[in-house]
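Read in my numbering, the sequence shown has 13 at position 13, and its numbers run on one by one without any break.
Any given hint could be a false lead.
[As the list claims (entries may be wrong)] Taking lysine to any residue pairs in the SDA-like style, the calculated list, with each CA pair at most 20 Å apart, reads:
1) K116 / T198
2) K123 / Q72
3) K111 / S177
4) K123 / S86
5) K111 / I194
6) K87 / T131
7) K196 / A120
8) K196 / P214
9) K111 / P214
10) K111 / D61
11) K196 / T114
12) K180 / L103
13) K116 / D101
14) K111 / V69
15) K219 / G186
16) K196 / W209
17) K123 / P89
18) K219 / N59
19) K126 / S73
20) K220 / S182
21) K111 / G68
22) K87 / A207
23) K180 / V112
24) K111 / D211
25) K219 / I179
26) K221 / Q190
27) K196 / L103
28) K111 / T198
None of these hints come from the bench; they were simulated from the model.
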Amino acid sequence: MSLHRLAPTPSKLELALPNRTMKYKQLLSLPLILFAACGTNTTAYDPGSGGIRTVNAVNYDDFADASGVLIQSMLESGTFSDASLSKHPDGRIILALEDVDNLTSSNLHTKVLTDKVRVALNKTGKVLTTTSVKFGAGGAEDTGAKEVREINDPMFEKNGYKNANTVVLPDLSLSGSIIKMSATEGRTSQTVIIFKLTLTDLRTGLAIWEDEAPVGKQKKKGIF
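Please model the complete structure; the sequences and the hints are all you need to start from.
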């Protein structure tokens, strides 16, 4: 007669361990669920297409996208192909860049926008940007037309190139602004940041081109 060893009967503690382990896992996952519900999701989209492009606040990519849209619009306008606007011997437009006004409450590095515009326009071969003239902020949206007439320094030649010792004043100036518009509905808040640029003919003081590039941000708050 063979003897069979009986399997030991599990203790009450061992029987309770699987259920207790499952409860621990459930308790550990609960804060994660609550954290997700309490969180705030921020995304960005193109108001023109409704597609999500970036996340969080205005960033470098937003400046790059906005400047790309505005540069293309400027070039397609044909303004830089109008030789009658130029003082340069080969017909290139001399452009002065003004500071872009940040009319939002955010700390935005607006020079990123103007630097991208300057580099792109210089590469076209149709534009020369001057670093000798910079117009300051004033009551008008673009103060260049007034200020260019007030420059009496003999170093500057107002009517074109006459000798190598004079600096030619710009033909056009580029000014701009960044504004923000916000709206909230329920737990969702929507913000549109508008990048706007304007080209002004400094002979007449008239805006001969302007356009804007909007970037939208959408933020949805958690349920708690």
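> Broken hints, numbered, in rising order?
Replying inline: none
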